[in-house]
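Protein chains: 2
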Amino acid sequence: MKKQLGPLDLLFPAPVMLVVSGIGDNANIMTVVWGSIVSGKPPTIGIAVHKNRYSLQLIRENKEFTVNIPSKDIVSQADYCGLVSGNKTNKFMDTGLTAIDGSIVKTPLIKECPYNMECKVTQEVEVGDWILVLGEIVETYLDENKLVQPKRISPDYAQIQPLSYFGNAREYRSIGEKCGEAFSIGKSIKR
Amino acid sequence: MKKQLGPLDLLFPAPVMLVVSGIGDNANIMTVVWGSIVSGKPPTIGIAVHKNRYSLQLIRENKEFTVNIPSKDIVSQADYCGLVSGNKTNKFMDTGLTAIDGSIVKTPLIKECPYNMECKVTQEVEVGDWILVLGEIVETYLDENKLVQPKRISPDYAQIQPLSYFGNAREYRSIGEKCGEAFSIGKSIKR
Numbered sequence: 014m015k016k017q018l019g020p021l022d023l024l025f026p027a028p029v030m031l032v033v034s035g036i037g038d039n040a041n042i043m044t045v046v047w048g049s050i051v052s053g054k055p056p057t058i059g060i061a062v063h064k065n066r067y068s069l070q071l072i073r074e075n076k077e078f079t080v081n082i083p084s085k086d087i088v089s090q091a092d093y094c095g096l097v098s099g100n101k102t103n104k105f106m107d108t109g110l111t112a113i114d115g116s117i118v119k120t121p122l123i124k125e126c127p128y129n130m131e132c133k134v135t136q137e138v139e140v141g142d143w144i145l146v147l148g149e150i151v152e153t154y155l156d157e158n159k160l161v162q163p164k165r166i167s168p169d170y171a172q173i174q175p176l177s178y179f180g181n182a183r184e185y186r187s188i189g190e191k192c193g194e195a196f197s198i199g200k201s202i203k204r
Numbered sequence: 014m015k016k017q018l019g020p021l022d023l024l025f026p027a028p029v030m031l032v033v034s035g036i037g038d039n040a041n042i043m044t045v046v047w048g049s050i051v052s053g054k055p056p057t058i059g060i061a062v063h064k065n066r067y068s069l070q071l072i073r074e075n076k077e078f079t080v081n082i083p084s085k086d087i088v089s090q091a092d093y094c095g096l097v098s099g100n101k102t103n104k105f106m107d108t109g110l111t112a113i114d115g116s117i118v119k120t121p122l123i124k125e126c127p128y129n130m131e132c133k134v135t136q137e138v139e140v141g142d143w144i145l146v147l148g149e150i151v152e153t154y155l156d157e158n159k160l161v162q163p164k165r166i167s168p169d170y171a172q173i174q175p176l177s178y179f180g181n182a183r184e185y186r187s188i189g190e191k192c193g194e195a196f197s198i199g200k201s202i203k204r
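Chains as they are written, first to last, in my numbering: chain A, 14 to 204; chain B, 14 to 204.
Be a bit skeptical, because a hint or two may be false.
No copy labels: a pair is met if it fits in one copy or bridges any two.
Claimed, not checked - Lysine to any residue pairs mimicking SDA-like chemistry, simulated, CA-CA at most 25 Å apart:
1) 64 - 39
2) 76 - 138
3) 64 - 139
4) 159 - 190
5) 200 - 87
In case anyone wonders, no lab produced these hints; they're calculated from the structure.
Here chain A stands alone, though its shape is the one from the complex (with noise of 0.2 Å):
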């Protein structure tokens, strides 16, 4: 039997990103879990972002943004990130997590982060409240050391050991056990 809940904002797992926008002193981080790859080709990635936010001020004015992908290690940090407002206090001063360069936008990654994301504003949708930030992966980076390729590139997941995020019960989580390959389990069932 299925009970009806009602029209929840609810999908899980979702992505846990530190999403930094502004640059130098201005600099800031939005924890951000409603996000999504919205095209291969050109590579997009689409972030829900509440039109009151601060961090939507910066990436406007900016025209760019970077995507940060905490591992548990800094669960805490990235928690923080999403409980407190950057036009109040500079996040990273409070959390002490380091800001880097990228090689393309000027708004930097953050160091600590395993996995981390260059992009620049290619659309902007609005969806009731939300904006709808649509931005082009123009570059990637991975810890060097996190690496693996098998059959091909590809970051070693056990060892990032990135967050997810369960809505409503408020969980975050670490990655579980590896239970099928992708384009190859599904082989054994026939037309």
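Dock chain B against the given chain A, drawing on the hints supplied.
Just chain B, lined up with the frame of chain A:
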């Protein structure tokens, strides 16, 4: 040290979703891992669908779709629905998954998926070769025995065992350990 990987379409973890489109005997299942909530008010989901996908035709015809979250028990069926086109076969018949009626849209839900969303298309956004389909979430369903209500109504994630997708390595993974409470664990950090 960080290694530049180039402009990748890679964000992790990604939710594994079975998107149903079409009505009655035409109902089709498509596996989607590029999607996210994009607005809380009104609750809206965005899913990225390649322009050439058969499901895009069905979504456009009916202006609705459902999103169904598979558990790891049906990882093979979930993968299968990403391997073949609904233009050539009936994936409900092939997989044995069961189409059941929702209450608002005519597109069916998948009974075996513990969490389901009914969605009405509100916008389409063209992003390169992909169409980002935005749908207002008009109803959600959860298996009755998989609900917890600690502080707020929530799915019991450990019981649901949803899948995560990790790109490039092409790994499906199950849920990991809880490693923090959101909007809480960050309070240990002071300005």
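Consistency of the hints with the structure:
no.	hint	result
1	64 - 39	within (19 Å within a copy, 39 Å between copies)
2	76 - 138	both (14 Å within a copy, 19 Å between copies)
3	64 - 139	both (9 Å within a copy, 22 Å between copies)
4	159 - 190	both (18 Å within a copy, 21 Å between copies)
5	200 - 87	between (38 Å within a copy, 13 Å between copies)
In terms of the numbered hints stated before, the structure departs from none.
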